[in-house]
Amino acid sequence: MTRLLARAVTVAWLPSALLAQGAGRAATPMVPAAKIAAAANTPAGAYARGAYDDAVKFADAALAADSNATDAANVLVRALADQGRFDDALARGARFRAQPAVALAIAGVLEGLGQLGEADAALATAERGPDSLRATVERARLQRERGATDSATLRLRRVASASIASARTATDLGAIAAANRMLGRDDPSRLRDALRLYDQAIARDPARHDLRAELATMLLEKFNFPDARSALDAALAINPREPRVLLATVRLDNAEGQRPRGDPLGRLLALDPAHPAGRALAARRLLDAERYADAEAEARRGLVRDSTAPAPWVAIAASRYLAGDSANYRAALERAHRRLARSAQAEVEIAELAARVRLYRNAVLSGRAGLARDPRDARALAIVGVNELRLGHVDSSRAALTRAFALDPFDPWVKNTLDLLDTFAGYATVRTPHFALVMEQGDAEVLALYAEPLAEEAYATLSARYGWTPPAPVRMEFFRSHADFSVRAVGLAGLGALGVAFGNVVALDAPPARARGEFNWEAVLWHEFAHVITLGMTDNRVPRWVSEGLSVYEERRARPAWGGGITPTLVAAYKVGRLRPPSVLNDGFVHPRYDEEVVLSYALSAFVFEMLEERKGIAGLRALLAGYRDGGSTPQLMLRTFALAPAELDSTFDRWFRAKFAREFQAVELRTTVNGRGDTAVEASGSLRSALAEAARAQRDQQWDAAIAAANRAIALFPAFAEQGSGYHYLVAAYTARKDNAAARQALGKIATLNEAAVDENVVLGGLLAQAGDTLGALGAWSRAAALQPFDAPLQAQLADLARAARNRPAEIRARRAVVALNPADRAGAHYQLARAYASAGDTTLARREVLRALDLAPSFEQAQELLLSLQPTRKAP
Amino acid sequence: MVAAATAGVGVRVSTLAVIVAAALAAPAVPARAQGATHLVIITGVSGEPRIAEAWQGQALALWTAATTRFGIPAAQVTVLAEDSTKDRVHVAGRSTRATIERVLGALAAKLTADDRLVVVLFAHGSSLGDGVKVNLPGPDMSADDFKKLLAPATAPMVAFIHTGSASADFAPALMGPRRIVITATKTAREQNETLFPGYFVQALTTDVADTDKDGRTSLLEAFAYATHEVERVFSQGNRLPTEHPQLADGSDGGRARSFYLTQAGGGSVAANPVAATLLRERAEVQARVDALRAKKTDMSEDAYQRALEPLMIELAEKSRALRALGAGGKP
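Residue numbers (the working numbering), protein chains in the order written: chain A, 1 to 878; chain B, 879 to 1209.
Hint data in this document are derived by calculation from the structure and do not stem from the laboratory. A few of these clues could be false.
Far from chain A, some chain B residues (derived; all Cβ distances over 10 Å) [to be verified]:
#, residue
1, F948
2, D965
3, G1076
4, V1086
5, A1087
6, D1092
7, A1102
8, H1122
9, M1190
10, A1194
List time: in silico DMTMM-like cross-link candidates among lysine to aspartate or glutamate, alpha-carbon distance up to 25 Å [as the list claims (entries may be wrong)]:
#, chain 1, residue 1, chain 2, residue 2
11, B, K1064, B, D1023
12, B, K1064, B, D1092
13, B, K1174, A, D630
14, B, K988, B, D1008
15, A, K616, A, D595
16, B, K1174, A, E866
17, B, K1174, A, E723
18, B, K1026, B, D992
19, A, K660, A, E723
Idealized CB from N, CA, C, for every residue including glycine.
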């Protein structure tokens, strides 16, 4: 569960330590267009560019001319198989079955049909032919699947030690590469050899898209996404229907968390509707959306051709596991194990899926079950380690990750997380009644001044509201470095989120992690704690849109400025149908169709829960969460709790939302344009945009009357809009230019109450209010600014002085403590001022402690000396 | 702890943390009776109007503080600027190599052991492989050029402050007995525009750096303040620092701790026998405080404060009594 930065949700993964070391690694070779064109009317040429029907036709013609044309026979078999026509391929290739030069292709068909014994026999035949090295690798792969790892390893070593100089073809080089890749599981140094050999093989025959797919898969497994993408794109540019490349592309999209470009999964399944791995991936998408029954049905379509195929069975097992159907889960898992003997693969995939739907404890359990089958599975160890950390079990996490790293030193997730764990020695834990606040030691004194009361307020407020108390302590980790936070959340840098909740463990960006004015860490804390409640109440079974929606809703309830509220972008997107309706809003989070959809879905879902609470009160929301805990689905629970069937939920919300923001709906439009290349672009339009554009023009021309009029028009159209560039901002600029401080104060005051991250606006507002003699107002503004930027030493010092003037002792003491903790140049002065604040608040014990600290630094500090004397019981104040 | 530094050999350059810790622990190097203090302020080639304006303002602020706050006669304050035509009241000449050699050469030759010479440079430094140089109108000057120029000044106390980029190498070149060298950077490779001069001038021209609250700002306090603020700016912006100020005085800050720009004035406190007694008693208490401080690291804070409090009360009472006598409460 995360809270996102409203304006950017990007994931820019770092390249892996291993396979991107090649700052200078050359891109995999492109296929020369001339070569393909020249071969266009040959079986191989048509096959290479994905014209499978043509390839079959040309192969038939070639075989008609020469019935022993093995090259044509190979193309024929492969072109039919790539289209999912395995029975045809087997029938048409039957007469070549004894021919070593064609047996490799036939073995692939037999394997696709689940006839593994016959496939092995065909491979044995192929071992006597020109592709003997590849045949041996394939036999080893099948042996390994069956659990015969020792003999598989012997075969692979034999291939890997083959002379590269004598490798005659791209197939040979690719086979040696594949052998090294498979041996790389136990000896990671071989992966470098595999990389080099794949590059050589592809250079020898750039039309070998299957080798590009293998290379890309290896790169993907080592988190080198950019190079994997490059290899796949090169292949797709020539053959957009290559099934192995399409499959690897889907996996890469999943790994990168990116929206698929060009629907590679759809293209794969259109080509081969029974593709087992393709169907399993389609099922996985449904599992992400927590549609377990649909996922199982989808996976079963991948068993049509081969009822033993492991990937669909793993997906079926996962769907049952996640749905809590343990008996049928075991049955499906057993089917998967028949093909994946002594392998942790099924458990690893299930663990990954469990973690994706926030079932971290289940992920650990599944990972450990995988380790019971294969104790050397680095991925299983990594999953256990990462998810133990999500549960707050630092020591067991470190143990598992350390073992994982020893087996696979090139997994950046493991490496990054271990590096992060090493930094934990520099963190302090501040214990409060219900929290363990984990912060960098240098930050803890200041940050705890704000985090502790806020966290406890959130605990008290939300526990009472939802009638559920999280077990204490809730572990809340603050990261001064956003990269560290990102590693904590997803193992890699580049996450666009601001906070993440795993259950009773929360991680978030500390204030210095982001640029000033970019976010409100207090709102993030509140948001994540709301997840602690909703995850805890449901045993982590709450759908993502529900948990995120409630978290944003609770932000808005806590402070008027928090949670984003209604925005022009949200209204515009809603008006033109770019947002999913409530009944399927979860898809807006897990399967976004465009970059902003996730952020907008957060905002919209909060309004859904506002509406639902209006209908049934907090009792309704509590009942909803209880229903999820008991395994209910959204349609069931909406009907049972709110008497709303899916269509009714959508229409009811639509009416409510449009009525609530009728004025805003009038003010905003979204215009869709299509450029010359057919790309769709959207841009804001409507009366709000016109008013703001007019305000901007008038400001540029210093026509302040016009600027003020336009700005006021914009505000009247959309009063809640207070982000940069709002009508309020134009008013501030205009009134400041006119030196009308009273009006400027009023506009700034609106920004301060509507924009959660308005640091500098609050600083300026405080200054203006102080000038005007409104000490209390100024104190409020600077307090808001200081809460956003607690490490701003000059701001804290100003705030402290103002609080003293206002005789607000708690505010003064907090600000003075912050100043002391920020290690000012004048430490003696800071301790003295804190001592004065304590003395004024009547706390002579702490006052004496602080004044002695001041005098210890500056023994001749007159004011401190006098204060010390005044604090003695028998003396009078100076 | 203290490394006696001689020119060109065994120069110990200290960072803020080392300096502050050491200077608080070590007694200040006693100041000798003061003769005249001479201040030479030099601004180099700025490269752009913004920086020229900043340096001009800093030089003027320093001139003003020197002649008012510190009581240095205007005749003993020399400002040499990149553009000597803009402010003929305060600027004595253009900051060319020839002028600098003439001004500093004359002072180096005439100052006595009781005198003090303070040189403050606002200038960019550069390191192009032929040694570190200060960018001046016309030919630049290297650290060795300044070393040769100040070589005759063995008797007076010399404080040399280079507030600009790539200034680090001036410390080893110029260090020697009775020398204090402050630089804005720790290596010649730190060639970004420095923040140090603004904070250093602020420290000397206001009370912000008087951290021991004795009513005066020592060179050590000014250095510590400027360094602290530079670090704060980089830390607050989550930026990697591009400057690391250094101080070398051969006594881990002890010499800089007792170096004030303020002209020494004669006191008549000792003439009053009551005040003299109070002063003696206060010094005794201070000695007990120093003894207690030496044991601080072995004590809990509570225990330390319990022991410190009666001493501080005693000290405060003596100071109050001294003030009542019109003798001033400062040591």
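Structure-based check of each hint:
no., hint, verdict
1, F948, "20 Å, holds"
2, D965, "30 Å, holds"
3, G1076, "14 Å, holds"
4, V1086, "7 Å, violated"
5, A1087, "7 Å, violated"
6, D1092, "5 Å, violated"
7, A1102, "7 Å, violated"
8, H1122, "16 Å, holds"
9, M1190, "5 Å, violated"
10, A1194, "3 Å, violated"
11, K1064/B x D1023/B, "20 Å, holds"
12, K1064/B x D1092/B, "30 Å, violated"
13, K1174/B x D630/A, "61 Å, violated"
14, K988/B x D1008/B, "32 Å, violated"
15, K616/A x D595/A, "34 Å, violated"
16, K1174/B x E866/A, "24 Å, holds"
17, K1174/B x E723/A, "53 Å, violated"
18, K1026/B x D992/B, "21 Å, holds"
19, K660/A x E723/A, "21 Å, holds"
Violated hints for the displayed structure, listed by number in ascending order: 4, 5, 6, 7, 9, 10, 12, 13, 14, 15 and 17.
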